[in-house]
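Peer 1: Hey, can you work out the whole structure from these sequences and the hints?
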Amino acid sequence: MPTAADSSISQGTRKSNEGDERTMDGLVKRVQQGGLVPKNSTVILGLSGGPDSLTLLHILKELESPENLNIVPVHVNHQLRENADSEERHAAEICREWNLPCRVRRIDCRSIARAQKCSVEEAGRTARYRIFDEVAEELLQEGVPKERIRIALAHNADDQCETLLQRIVRGTGIRGLAGIPSTRRDEKGYAIVRPLLSTSRKEIEDYAAEHALRPNYDESNDSVEYTRNRIRRELIPYLEKYFNPGVKEALQSLAEIAGPEENYMEEQARTALAALQREAPQDERILDANGLRVLHSAIIRRVVAQVIRECSGDENLRYTIVENVLNILKSENPSASVNLPGGWRAERRYEELVFRKVAPDDEHAMEGRHHLRVQVLKKDSAAFEDVRNAQKEIVPCAVLDYDKLCREYPEPEKKLMLRTRKAGDRIGIAGGKHKKIQDYMVDRKIPKEYRDWLEMIAIGREILWILPNSGIPNEVEQKKGRISQKYQIEEGSKAFLFLEITDCL
Numbered sequence: 001m002p003t004a005a006d007s008s009i010s011q012g013t014r015k016s017n018e019g020d021e022r023t024m025d026g027l028v029k030r031v032q033q034g035g036l037v038p039k040n041s042t043v044i045l046g047l048s049g050g051p052d053s054l055t056l057l058h059i060l061k062e063l064e065s066p067e068n069l070n071i072v073p074v075h076v077n078h079q080l081r082e083n084a085d086s087e088e089r090h091a092a093e094i095c096r097e098w099n100l101p102c103r104v105r106r107i108d109c110r111s112i113a114r115a116q117k118c119s120v121e122e123a124g125r126t127a128r129y130r131i132f133d134e135v136a137e138e139l140l141q142e143g144v145p146k147e148r149i150r151i152a153l154a155h156n157a158d159d160q161c162e163t164l165l166q167r168i169v170r171g172t173g174i175r176g177l178a179g180i181p182s183t184r185r186d187e188k189g190y191a192i193v194r195p196l197l198s199t200s201r202k203e204i205e206d207y208a209a210e211h212a213l214r215p216n217y218d219e220s221n222d223s224v225e226y227t228r229n230r231i232r233r234e235l236i237p238y239l240e241k242y243f244n245p246g247v248k249e250a251l252q253s254l255a256e257i258a259g260p261e262e263n264y265m266e267e268q269a270r271t272a273l274a275a276l277q278r279e280a281p282q283d284e285r286i287l288d289a290n291g292l293r294v295l296h297s298a299i300i301r302r303v304v305a306q307v308i309r310e311c312s313g314d315e316n317l318r319y320t321i322v323e324n325v326l327n328i329l330k331s332e333n334p335s336a337s338v339n340l341p342g343g344w345r346a347e348r349r350y351e352e353l354v355f356r357k358v359a360p361d362d363e364h365a366m367e368g369r370h371h372l373r374v375q376v377l378k379k380d381s382a383a384f385e386d387v388r389n390a391q392k393e394i395v396p397c398a399v400l401d402y403d404k405l406c407r408e409y410p411e412p413e414k415k416l417m418l419r420t421r422k423a424g425d426r427i428g429i430a431g432g433k434h435k436k437i438q439d440y441m442v443d444r445k446i447p448k449e450y451r452d453w454l455e456m457i458a459i460g461r462e463i464l465w466i467l468p469n470s471g472i473p474n475e476v477e478q479k480k481g482r483i484s485q486k487y488q489i490e491e492g493s494k495a496f497l498f499l500e501i502t503d504c505l
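So the sequence shown is numbered by my numbering: it starts at 1 and just counts up by one.
With a straight-line Cα cutoff of 25 Å, these simulated SDA-like cross-link-like pairs (lysine to any residue) come out:
| hint | residue 1 | residue 2 |
| --- | --- | --- |
| 1 | Lys415 | Gln438 |
| 2 | Lys188 | Asn70 |
| 3 | Lys357 | Asn339 |
| 4 | Lys479 | Glu413 |
| 5 | Lys146 | Val135 |
| 6 | Lys379 | Glu411 |
| 7 | Lys479 | Asp443 |
| 8 | Lys415 | Glu121 |
| 9 | Lys202 | Gly246 |
| 10 | Lys448 | Glu332 |
| 11 | Lys414 | Gly428 |
If you're looking for bench data, these hints aren't it; they were derived computationally from the structure. Keep in mind it's a predicted model, so treat the numbers as computed, not measured.
Peer 2: Set out below in structure tokens:
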């Protein structure tokens with residue numbers, strides 16, 4: 001575990017005066033002149049202790065006096081890795097040596113993920129932003145004006161390139177090509193800034209080395225098991241070697257061009273949306289369909305996407321979701337409809353395009369023609385033999401280990417949802433791992449026109465069972481569906497969750 005003994009600010013400052021202008025002073029000047037951290041700012045810095053955040057902390061410390069900055073490092077201990085506590089101590093020790101008041105917060109990511117029914121990664125990200133906002137609120141109570149508060153994150157140019165490639169490979173539009181924004185406002189109106197977004201990872205590592213900084217390193221970043229790491233370690237080097245040595249710079253330029261154009265187009269769409277909206281009851285949005293149709297196709301798509309995002313809260317809309325609503329708009333059927341994320345539905349009511357919140361019972365009826373039968377059975381119960389027989393037959397049923405489920409979700413039988421896919425969905429596979437539903441569908445070569453209509457049983461973002469569907473090329477899964485291997489029954493299983501699908505009349 002690294003220590004902070006060699007990373008004092010005084011040593012770094014001396015090296016800055018003696019060393020390479022471009023590598024050291026250049027980064028400080030770039031942040032100073034970038035305009036993201038104005039004079040007299042109070043800067044909340046997300047300090048993991050890794051190379052990026054530690055370098056940003058050092059740069060801000062260099063600017064503390066000339067720019068009159070108030071630096072507030074915040075270390076979030078996610079309690080996930082074995083060395084999480086030592087990383088916490090390391091971050092706190094650096095802050096003490098640099099005379100900075102480090103605020104440490106501990107979160108139980110796994111418990112949060114279970115409670116919010118989402119992935120550990122998503123839970124951690126959401127919790128970090130919540131904590132940054134909480135610290136900002138504390139500063140507000142201490143008398144710091146809101147307009148002076150900045151939440152600084154240490155994303156770099158390589159992060160930007162990896163994000164763009166990941167989005168391109170999965171499919172994206174101009175919104176996705178705009179990449180990670182250098183600045184934005186969060187839900188509470190605080191300014192989030194990324195001063196190192198135009199700085200390469202190599203520049204950051206060189207800076208850290210020149211200043212004798214001793215960052216933590218996350219060993220999981222070396223594994224190609226994760227898509228983002230594979231892009232970093234395999235795809236980008238391949239593109240640099242065989243296609244374009246300057247591919248990173250090209251991607252950075254793409255984001256810089258797409259960002260302002262995306263902002264302009266979104267503003268045009270907001271103006272159009274305001275003119276098209278009609279008076280509507282609560283939990284409904286009504287648009288003038290005729291007025292929408294005559295607009296440019298690019299604006300039509302954006303207006304529809306804006307409404308879906310505002311209604312569902314889903315910021316990562318798939319192309320097919322918007323396309324389905326556009327098909328309704330163009331349809332000759334005056335009462336066509338389609339399901340949307342977050343329990344919403346888009347409908348044509350003759351010359352109106354209506355988005356409405358669906359009651360839970362209505363949502364289940366719409367999203368499937370099926371009835372779900374749920375039973376919790378003990379191994380010694382009279383019905384257990386029937387379950388075993390059902391498993392052997394090609395019938396639409398799923399049997400899961402009830403005790404394993406309860407460890408993740410107390411009373412799981414009360415949390416089951418019958419729905420179509422959502423962004424972030426995942427299903428358990430062999431080895432205790434998860435696979436994204438999008439990746440499962442690609443691997444299974446499920447036609448795109450079927451993907452948004454496959455029905456599944458879920459708890460939060462975890463899929464327990466993808467229901468049988470003729471659109472699945474695999475013959476067995478056509479008839480029986482795909483069951484999560486995370487909760488598969490074993491010889492020692494004592495209690496079972498039995499799910500059976502029957503057609504509704």
